[in-house]
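On the provided structure of chain D, position chain B as indicated by the hints.
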Amino acid sequence: MFNKLNERSRKEQYISRRKFWMEAGMGIGGLALLDLMSQDKLLGAECVAGGKIDSPLSPKPTHFKPRAKSVISLFMSGGVSHMDTFDYKPALEKYNRMPMEGHGDIKVRQGYPGPLMKSPFSFKQYGQSGAWVSELFPNIATIVDDLAFMHSCQGTSNDHVISHYEWNTGSIQMGFPSVGSWVTYGLGSENQNLPGFVVVLDQKGGPYAGPPNWQNGFLPAAYQGTVFRSKGDPILDLSAPGQYMTPEQQRARLDQMDLLNASFDEQYPGMSELSARISSYELAYRMQGCAPEAVDLSSESDETKQLYGINDPACASYGKQCLLARRLVERGVRFVQLMSGAYVSIEDTWDAHADIVANHTKHAREVDKPITGLITDLKRRGLLDSTAVMWHSEFGRMPISQRGMGRDHNPGAMTIFMAGAGIQGGQSIGASDEVGYKAADQKLTNHDVHATLLHLLGMDHKRMTYYFNGRNMRLTDVSGELIPQIVGNIQAKA
Amino acid sequence: MHQVVCKIKQASRSVALSGAFALVAYTAVLSQGLQAQQVSEADVQAALKRCGQCHGPTLQMSKLDLSTREGMLKGGEKGPAIVPGDAEASPLYRRISGLQAPVMPMPPVPALNAQEVELVKNWINQGAKMAAVATPAASATPAAGATSAYPGGYTPREITDADRSWWAFKKPVRNTPPTVRDAKWGHNPIDAFVANMREQKGLEGAPEADRRTLIRRAYMDLIGLLPPEAEVDAFVKDPAPDAYAKLVDKLLASPNYGERWGRNWLDVVRYADSSGFEFDITVENAWRYRDYVIKAFNEDKPYNQFIIEQLAGDELDKPTPDSLIATTYYRVGPRVRFREANYPSYRYDYMDDMVRTTFQGFQGLSVNCARCHDHKFDPITRLDYFKTVSAFWSYVDYDQPLVPKDQVDAYNAKLKALADEMTPLRQEIARIEKPYQEKRREQQVQDALKKFPPDIQEAIKTAPEKRTEGQKLLVAQVIIGGPDIDPDNVVADANSSAKAKAAAKANEVFGAGPENYGRGPLKLNPEDEKKRAALQAKIAAIEERLPAPLPTADGVRDGDYRLTPDGLGDSHIPGTGRPDYGIKCCFIPAVGTKFEVPPLYFAANSDDIKINASTFPVQPGFLTVLTDPKNPPPTTHVPNRTDYVTSGRRRALAEAIASADNPLTARVMVNRIWAWHFGTGIVSTPGNFGKMGTLPSHPELLDWLATEFVQKGWSVKAMHRIIMNSETYKMASAFSREADLKADPTNVYLWRFPPHRAEAEIIRDITLDASGKLNRQFGGEPFFPAIPASLRADQPRGVWELTKEEPSTWRRGVYAYIKRGLKYPMFEVFDEPDLNVTCERRATSTVPTQALTLMNNEFTLKQAGYFADRVWQTAGSNPEKQVTQMYHIALSRDPSPSEMRANLEFLKKQTDAAAAKNAAGDSAARSALNDLAHVTLNLNEFVYIK
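Note that the protein sequences, when read in sequence, are chains D and B.
Last residue of the first sequence: 494 (the working numbering), numbering continuous.
Last residue of the second sequence: 1440 (the working numbering), numbering continuous.
Extracted from the complex, chain D is given alone in its bound form:
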């Protein structure tokens, strides 16, 4: 054996741990701290401090100067009707209950193609920009000058799950890495004490497609999205069930593991994965303290909570998701996705087949104030400039009715809006056709939107690749054009 354990003093036994904390930027002081602290005494500031440890999630250089550091994706699962929210179509009033003609083949997902149906919601113009917003979003209406609307987004499938894959992973096939996985693969994360890619689900359950929305696909497991849970521990296995192990026992076990691993490690010089494994336990230990701190909203003021609508039962749940997103971004988490819509039943999603009024009124109410609060709060804290916020869904809905009062799926057109990251607000980009069936001017695909998002983060979507099964894979496959109105005059430079 090559074991040198017997020659080591008690103090030296901690070498690998000290090395770890030095690398983590904590220095010797961190050691003392480590011995003193128990998880529940961790301070927020320590959780915010970024680590410099060599991990798959270490921050990586960007291709060019980034506009934003982090992303918040507000994903409305089930398919939001663009004609009933932000894409005002006066022509539908004119043609109400008349057959849709001259717009190409009518491909429905369910039932029989009905006649055109005007929006049951009233529209008004808001802000300096005069953006049209329906009565569904009275709060978002007040911040339209901060938002850039893209009315000409277009997908390829009218299947929910395939379209979720399309917009959340870049491919209509199952199994590709999600956008958040690509972003953390490309950029790492600012804070090693928290996952780099966090997903917060609707409190009722997962969206259409479930975990493949945030999976790492062929990228290493390090880049998979971590679901922050609304009940109990925010992260799966963040703490042990009480009957098995006390925190003191856990600390003692970790120390012993560290000691024994170090002697094994010495036999394999040059094998960094062994020391990485040792470090991962310390990171996990840190996460045990930092994740609960990050999700603890009790330190937020009442005013802030009200801003997010947390005092209102109708929107408290998404309000908490939004407030959590701000806290995570503040702490250096790279990519946060907040789901609205749980596929426990279609009525718990935005999938308004039966009745657009009942469905969209309910879900818009859930998210309107929280989203407005989030953007307002990010702005006043100076975080909006470094955060790209995107509101999107898997497809739009049909301008024709389904069973008289609902609307069927329509991948032909949908509206997405973005904010932050220095994006010029108050813009209206692209247009759908007169009735909203298909994107007409400046058609935008998922690849265009993803390429643009990466660009805002300082990454060239054509250069960010991962070798897999014989190909250098890209989030944007072989497509993707930057959206000029979003990227503005920022020039790519190496």
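Don't read these hints as lab results, they were simulated from the structure.
C-beta atoms are modelled at their ideal positions from N, C-alpha and C, and glycine is treated no differently.
Take the hints with a grain of salt, since some may be wrong.
Said to hold, decoys possible - Quick list of in silico lysine-lysine cross-link-like pairs, DSSO-like style, CA-CA up to 27 Å: (1) B:999 - D:204; (2) D:118 - B:955; (3) B:1356 - D:231.
As the list claims (entries may be wrong) - Distance ranges between label pairs, derived from CB positions: (4) B:1417 - D:472: 55 to 65 Å; (5) D:478 - B:727: 56 to 66 Å; (6) B:731 - D:472: 45 to 55 Å; (7) B:1293 - D:296: 30 to 40 Å; (8) B:903 - D:472: 52 to 62 Å; (9) D:345 - B:1215: 53 to 63 Å; (10) D:204 - B:1337: 31 to 41 Å; (11) D:266 - B:1212: 31 to 41 Å; (12) B:649 - D:478: 19 to 29 Å; (13) D:270 - B:871: 27 to 37 Å.
Just chain B now, kept in the frame of chain D:
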């Protein structure tokens, strides 16, 4: 056999019936206003042009040529196509209008629209006049000056001699193993090649690992379990020179070997138990395929046979239950399995999955990259891609019964007899229900008038002839016809109530869509209710006599995919999908009939493609670069049997792959075997031997192994023997020389055995093995590992039984249910591969969530407790014995003196700490031992194969 077939496609008869009803009604609406006007020949020719794709000058399916009037009059195998002056008597009109099955044209050729059908009808009625057309020869010749041999200007890249000279496309050459300086490395050819390479690089090999390391390595590597203490002792003490060789033989004979190495193969074939996408439906018999793979490894099935069975196990001269199960290979990939008929592009994506899996898996080539263009790096053309798809094109999903034909026949006869008993009873029920059906339709209108807003109410109230076009659409949307049942035509299906139950269960998952409107159970008056209940009771009594379902394989066979029975959610609502063919017969060719594989069109991505001059049907063929132009391999190999109709395309493809002359097949497999032993392959990209892959680190060794593999009858176990008995394999891993580390830091040239982390399943298996709680139940249906209910809510669709940490869930990882929509978290964090594409090598990533899992998940904590109990039982309260015992079980070695000291100190400290809280006698010491057990299960050494 139809009953067996139908299980996969739970066709709901009522859905199909009402769909047909709706179609007729809708077509009638469209036809209004089309007058019998005088038609022009040019218009008719334009309308019939697409028929010429299959019945034209270049291709005459069923010997029918519709490009001339003469051809139509002469007709084909089924007689004349037209009777001039009588459209109703003309098969051409009858088929394009849907009056006669099969309805024409078939996909991918688009159907004629109502105007076109009307046009043809009028044209025939007016005498079917047509001037002579251009001669077939003229139309088949490419335009003068065209540079392409194919329509549409496609010119595949030329495959040159230079292309063929890429190392992987040349047949492996068996070189004499080189002579090496140190005789120790001269006995096994592997050693000679490896040592020779090291000599060239100035590296030195490590000494042989100690016996404890060797036995643990051999166990972990071959069977994925820990060596029992007694085995370790016996091996260490065994003075025989062949003790190690005997150990290898013994492990190869263990059934656990297949559990370990079969799992490796499941990575290659992107195995999962559910199909993914929205509903994540279970592949019911996927586990039989998993067990087939395990068995194939255990029985050392020759690899060439293993290939042929998976690709064409049903096309053999003498298929076996195993070879039929092997074809489940086709069905364990990602599949939507919902509304497939309405989305004609899906089949093309499934074909892409087959091309990708088969060619990356067996051939190390990314043929799938040539779907949209010639391959960017390798000499694979887009035409090669479509030839390959064409080889798969004939297959359809088919549940193969796993019992002899006479049993199947007896089973079906029994079902038929029972159905015949039920038919009059069901007819009687239908007769009772009929007036209620009619009443319900009325009621539906009344309900709608209450439910919908005024403008819809108005539309309903407006007399049909006075409705605007928009009102017609509205009414069609909100008032949907229920089944229009003729009691005399009701035919019972013995399994109907099982199907009804399945449909009800499916509805729980899928939700009753608008198509189901008006089809719930009918409420009758008490008297009729009583009559119906009595009839239903009689039916139920007959159902009691139903024979148990036959065991089946979720396999494939040749058939016409266009005629696949309705699947879940498939509907025939106008505008949503393929036309309804109205075909009552099954989609499987009957014995004695001729089977024509449906045409596959070049560059098609969907049946929706516009068939025009730029595309053409593609016949099957093997990759050009692997084909000797003078002696191309056959493209079909029809089995020598009369009781099974099949094209033999898949078998021909399988045989071209499984050929000893194929330069890639043996190389790719021996390289995979090498990679699974050493953590890295000789080619480090086992799924890619093309230009985007890496070059072999030891090309001569790879070739030698490939030729040896074929010479040894494609025996995988022979490869294990020769690899594991080499000095190269037996080298120590805990060894390094500064110079070697500097010259070859990643150990490409094997100067030590490369230690590597065990895979997710193995980490779980050895944890159970250490605790003594491993449930060794072999094979069978999968189990569900315990997950929290909150995680289940992330993906509410499909199956996941919530279980507890209990012995039934402590089976080996290979038997865990693999759900595409929801991975078992412990496997997921430890780099379980992407389940949707073939995995060429698993990643080994290190993330804090892995540590959280092993530190805090109940599974590990609970097993740590059992591990401690186990040690306590044998070692008692003696801490030294405890530490020794723990090391023996988990690490197969003695603790070093310093480790002993450190662990004793730890035990004491933890005992004291526990005692301070809880003074009771043994419990403090046991708590400390539990601490150490948990520590041990988390050690790097525990999870590494070293």
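Hints versus structure:
1. B:999 - D:204: holds, 22 Å
2. D:118 - B:955: This hinted pair holds, its Cα atoms lying about 21 Å apart.
3. B:1356 - D:231: Status holds; Cα separation ~23 Å.
4. B:1417 - D:472: 55 to 65 Å: holds, 58 Å
5. D:478 - B:727: 56 to 66 Å: At roughly 60 Å between Cβ atoms, residue 727 of chain B and residue 478 of chain D fall inside 56 to 66 Å, so the hint holds.
6. B:731 - D:472: 45 to 55 Å: holds, 53 Å
7. B:1293 - D:296: 30 to 40 Å: Holds: the Cβ-Cβ distance is about 36 Å, inside 30 to 40 Å.
8. B:903 - D:472: 52 to 62 Å: holds, 55 Å
9. D:345 - B:1215: 53 to 63 Å: holds, 57 Å
10. D:204 - B:1337: 31 to 41 Å: holds, 33 Å
11. D:266 - B:1212: 31 to 41 Å: holds, 38 Å
12. B:649 - D:478: 19 to 29 Å: holds, 21 Å
13. D:270 - B:871: 27 to 37 Å: holds, 33 Å
Comparing the model with each numbered hint stated earlier shows that all of them hold.
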